Amino acid sequence: MTASNPEFDTDCIRRILAGEKQLFHELIRPCERSIYFLLYSLLRNEAEAEDAAQETAIKVFRNLHMFRGDSQFRTWVLSIARNEGLGRLRKAESRREESLDAITDDQGGDYTPAFLTSWREVPAAALERKELGAILRKAIEALPEIYRNVVLLRDIEEMDVRETAVALGVSEGAVKVRLHRARALLQRDLAPKLKGFAPKRARLFGWGA
Amino acid sequence: MRIDCKHVWEHISAYIDGEVDAGLRAQIDRHLETCEICSAILDSTRNVVVLVADGRVFELPAGFSERLHTRLDKELERAGP
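As you go down the protein sequences, you meet chains A and B in turn. Here the numbering used here = 1-based position in the first sequence + 4. Here the numbering used here = 1-based position in the second sequence + 1.
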């Protein structure tokens with residue numbers, strides 16, 4: 005994903021506020037993906053995430069004069085998206101099994117990795133097979149929410165630790181811990197499933213499962 | 002100092018992101034040279050990170066951008082000149 009360009013953003017915002025409203029399309033375009041996937045990670049429903057993404061973009065436009073430039077534009081946009089998503093979750097919370105704060109950072113949990121030595125690497129070319137993408141999406145969707153958000157922003161949208169922390173309203177330390185746990189959970193969940201996609205290799209020491 | 006497997010797992014994510022200091026990195030590297038299990042865990046975790054980052058795994062729904070900008074056009078129009 006392309007990082008936003010602060011100079012372009014600042015200039016664009018100034019011109020939009022001065023009346024060149026159509027420029028808003030160009031301002032928001034580089035943030036679209038991140039807005040959608042952050043909301044998707046919160047809401048886990050494509051239609052709902054899309055509607056929330058549209059609402060977010062409209063709120064960004066209406067509140068553009070409030071942007072102070074003390075964070076990156078995209079970071080500011082993502083905190084608006086997050087509030088939009090959390091607002092919707094709160095409304096729906098009674099219908100949800102997973103409470104918003106079901107898992108906290110200090111919760112221990114078992115993050116022991118899977119010891120499969122027979123799977124080390126599945127080539128990205130294997131993503132041509134639709135089922136591999138589906139397996140990966142399912143594994144991420146199954147993560148507890150606080151880990152899912154961080155994976156979506158750090159590993160999928162490739163935002164840095166600081167930007168992720170600001171967008172999610174948590175400390176940088178929490179982002180690192182959550183990312184570590186998320187990756188460990190993914191490795192453990194995916195190891196047995198991805199084994200079948202790995203190219204056949206010579207068994208080392210003869211103990212590969 | 003020799004570090005154990007559990008210690009290596011604790012730092013795998015930071016190791017992948019290049020966020021461990023030189024001393025710890027050297028210790029982990031030494032451990033990986035002789036520990037087949039940790040080295041497989043590192044490779045597979047790194048592989049998961051690479052695979053999920055692939056644009057083909059998470060794609061925007063078809064027509065997402067068009068619908069968003071159509072809705073924005075209505076809003077921009079409403080906001081007046």
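Calculated directly from the structure, the hints in this document are not laboratory data. Everything numeric in this text was worked out from a predicted model, so none of it was measured. Heads up, the beta-carbon is just placed ideally off N, CA and C, and yes, glycines get one too. Treat the hints with care, since some could be wrong.
To be verified - Far from chain B, some chain A residues (derived; all Cβ distances over 10 Å):
id, residue
1, Pro10
2, His29
3, Glu36
4, Glu50
5, Ala61
6, Ala146
7, Glu162
To be verified - Quick list of in silico lysine to aspartate or glutamate cross-link-like pairs, DMTMM-like style, CA-CA up to 25 Å:
id, chain 1, residue 1, chain 2, residue 2
8, A, Lys63, B, Asp18
9, A, Lys95, A, Asp55
10, A, Lys199, B, Glu67
11, B, Lys75, A, Glu30
12, A, Lys180, A, Asp193
13, B, Lys7, B, Asp18
14, A, Lys197, A, Glu149
15, A, Lys63, B, Asp30
16, A, Lys180, B, Asp30
17, A, Lys180, B, Asp55
Comparing the hints with the structure gives:
no.	hint	verdict
1	Pro10	22 Å, holds
2	His29	6 Å, violated
3	Glu36	6 Å, violated
4	Glu50	6 Å, violated
5	Ala61	6 Å, violated
6	Ala146	13 Å, holds
7	Glu162	7 Å, violated
8	A:Lys63 <-> B:Asp18	34 Å, violated
9	A:Lys95 <-> A:Asp55	15 Å, holds
10	A:Lys199 <-> B:Glu67	39 Å, violated
11	B:Lys75 <-> A:Glu30	16 Å, holds
12	A:Lys180 <-> A:Asp193	20 Å, holds
13	B:Lys7 <-> B:Asp18	18 Å, holds
14	A:Lys197 <-> A:Glu149	22 Å, holds
15	A:Lys63 <-> B:Asp30	49 Å, violated
16	A:Lys180 <-> B:Asp30	21 Å, holds
17	A:Lys180 <-> B:Asp55	21 Å, holds
The earlier numbered hints that this structure contradicts are 2, 3, 4, 5, 7, 8, 10 and 15.
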